[in-house]
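Chemist: Below, each chain spelled out in residue letters.
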Amino acid sequence: MKKQRPYPPQLSLRFFRWFCHPKLRDSIEGDLMELYEERAKEKGKRKADIRFVLDVLLLFRPGIIKPTEGYQNLNTYDMYKNYFVTAWRNVVRKKSSAAINVFGLTLGITCALIIFALVSYHLSFDNFHHDSDRIYRFVTEEHRDQVDYEASVPPVFGKAFREDYTFAEKVARLCTRTNSLITIEKGEISEKYTDQIAFAEPAFFEIFNFPLVAGTLDQFAKPNTAIITERVAKKYFGNEIPLGKTFRFYNNFDLTVTGVLKDIPVNTDLRSEIYFSYSTIKQYSEWYAADDAWGGITSDIQTFTRLQPGVDPLEVEQVLPAYVKKYRANSKNVHHYKLQPLTDVHFNAKYGGVMDMTTISILSLVGFLLVFTACLNFINLATAQAVTRAREVGVRKVLGGFRSQLFWQFTIETGLIVLLATLLAVTVAHNTMPYINSFFDLQISFNLFSDLKLSGFLVALIFTVTFFSGAYPGIILSGFKPVQALKGKLKAVQSGSFNLRRSLIVAQFTIAQLLLIGLIVMVFQMKYFGNTDMGFNHEAVVIIPTGSNDEKLNSLKDQFSVVPKVESVTACFAPPASNTNQWSTSVLYDNRSEAETFSISYKGGDENYLATFGLELIAGRNLTTSDTVREFIVNEKFVAKLGLSSPEDVLGKQLGVNGNSWKGPIVGVVKDFHDQSFHSDIEPIFITTRKSTYNVFAVKINMKDAANTLTALEKIWSNMYPEQIYKYDFLDDQIASFYQTEQRMMTVIQVFACIAIIIGALGLYGLVSFMAVQKTKEIGIRKVLGGDVAQILWIFGKEFTVLVAVAFLIAAPVGWYVMSQWLSNYVFKVDISIWMFVLELFIVAIVVMVTVGYRSVKAVVANPVESLRSE
Amino acid sequence: MKKYQLGEFEEVVMLTVGILYDEAYGVSIKKEIESRLKRGVSVGALQTALRRLEDKGYLKSREGEATEERAGRPKKYFSITAYGKKAMEYTKSTRDELWSAIPKVALDIKIVSN
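Protein sequence lines correspond, in order, to chains A and B. The opening residue of the first sequence carries number 1 in this note's numbering; numbering runs sequentially from there. The opening residue of the second sequence carries number 1 in this note's numbering; numbering runs sequentially from there.
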């Protein structure tokens, strides 16, 4: 028997083998072993062990330790070339799966790109002003029985704050008027435009970064001076020098151009391109210019400030209640003035921000989910087909390929497909951007080369998607055992677990179903808007602006009413439901000493108001003809708010509104109607006559021969006001525009839900193909033994029924929760019913059936001889 | 500028490789140095030096036979290259030059200390 050799300590030997440079390992290990043997013989095992450990430790030094970056300094460019060649061959050989992958990824990446452009566009709003972190807007919270938010403060507030406190570096008031009539005399002809204008204090241009290209700010303090942008200058005066030119505002007063601004960038909410000096405002409205204008708030006037460095806005807010005490002693403590940071202006829906942060986060989330499902698709297909790459992996490994090299090979392959998809996605996104812009009323540019953020995002996206979708298949593929792989004995089990693929499908379908549930609830809610009675007649009502509020108004009304097919005409402040002209005021009822805790909304109109809009009187009588305030009609809500049970109770009682300056008895009560969109509850309203407040005519016409009627109306109006521009709207269209945001959101969700379902279906198709290949033999045997087609189809069917059902069980409660949150935005809304979910499931079932059915029927009807012969 | 770089220990290793001629591998070199110079040499220090010398091109190596006491690991035999020889000669000649440049007096002086 051979004598047992002494053996050195295993741990240190293994350590040595681990760290030692492979080229030196054998010979040095030999030396170590020889020495060890000798020492063991001479001095015993223990001493030899110690010396061995010591030697190993002393060997742990640079020059012996293997370098971390690998030690085969070969030229590997050929190998990389080979990766690309193999990748390309694979794409070409498996055209269908490559197409599915590229298509799915293209959809996902396109959505991500567009959403990124959209989100970054909104996040960039008003970020180009100097020290924008110190710029604030003064806003008002009105605390009554509920809190209302106004994006402005009393007209004189800005002036008072500038004079009273030193917190601010600059304070600027801005009074904006949309659709203002501008007339320019050019010799004989006068050109007319309707544009947005703004009265601005000179400090406005010191707070905000809108630089002048011609002229100076010095003159801008004087009345009747204006600053316009280059674009407007071109529009008004062509190529002539605009400085010193004049134009008229509402045929009322002249303005002289003293400065030209660089064009306003797209990413700002301050959209005015024509600025009048603020000292001109007296000629527009005495009240806006008054030094005691503390009584109310107009949304026209915004007040901005840039605080001194280091001033805390909370500190400023603490001194503001003093104004309420001093100037609004008579009205209850309703106003609470606050500072709103400029960065919040674009996003805070409470104060009229156009894009709230929730929408932005929902969009980002949807974009992420779409890319995510596209990646899942890729993983799914790649692992399903892993078996077909087994031979290649085996050969590469036998020839000395490292696992890491194989991993990188597959990652590069994935990268190639991702790159292809990205190229397509960029093209698609670039070409759809104009449509998206016109759909959302945006001006987003989509230029990869000039927009660093976008190109950076794209690069990051390519890498993330590549690694996310390539890593798992890469690990699976590179992990094949070469012997088994070459023998072709690889089971599908080893090519990534089937359960993993199932969960991927479940994840995809959860996402798709979630979007679908959202879409269905939105569709139902929008149908509800369309079908629910607003409580007044809004069909076939034409809204035409009043040109002036003098005797011409009455004469026009008379002329309108004799046009054939005109059923009724009223001049009014606003239609019963309006987004633009809203005005509410505090109310004194029945000569009580204190105002009520709620505010009341003004709906002014002449005696035809009720008839034109079909409002129903439930008590009392209609208003008598008058040009000034004489009597009031209120609604049921007002009665309810007062806590009275019968509408008759308020008849004959005195009402005082607008700081008790409008007084008169209540003569009638109308049935409640929706005075706002379905977002909000019905408010207490009052209707009264006051000609000076009438903004529009509402003309109810017979829709037969509407074109002629409209032309007749236009003719009459233009004859009366030749110096103004005629325009009209249908009330129906105005009401539809209340829900423009929802309508847009619904279209967006519709598109995204479709894309998610398509991606999901693609993934499903991949999985079915994989199953079909796997079960070829099983199907063959079943058929030979007499199984019928329907039975065999059920093998596929039951698998996917379960998957979709599981996805539904996850998506349904989440969808229910999210959509009830969304619906809580509306006071008037549909209930989420079980039928919505049934409908959703039905749609998904059809998609699944078509996808799975197509592929599995193909597998099932195949001749069993073919499938069974193959071995 | 130094033409050939050869540290003290490296020189010793080179010389020993020369002495052992055809039998120079890790263990034999280590033993030779230890017995001739009466100083301990660790495997690590020796192997590092050998590798550095090989990298510089002063030594070349070949794989030898595997024996049982080496647990089947091959020996790595080293021999001096022509370039290595030049390096050794250069080192020797610079030393000699320096030696010859020292004035006799300098070496004869006895230092007297109180």
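Hints were generated in silico from the structure; no laboratory data involved. No experiment lies behind these values; they were computed from the predicted model shown. Hints are supplied without guarantee of correctness; some may be wrong.
Listed next, the in silico DSSO-like pairs over lysine-lysine satisfying Cα-Cα at most 30 Å (straight line) [what the hints assert, rightly or not]:
| hint | chain 1 | residue 1 | chain 2 | residue 2 |
| --- | --- | --- | --- | --- |
| 1 | A | 23 | B | 104 |
| 2 | A | 234 | A | 245 |
| 3 | A | 47 | B | 31 |
| 4 | A | 45 | B | 85 |
| 5 | B | 38 | A | 326 |
Chemist: Against the structure shown, which of the earlier numbered hints fail to hold, in ascending order?
Modeler: 1, 4, 5
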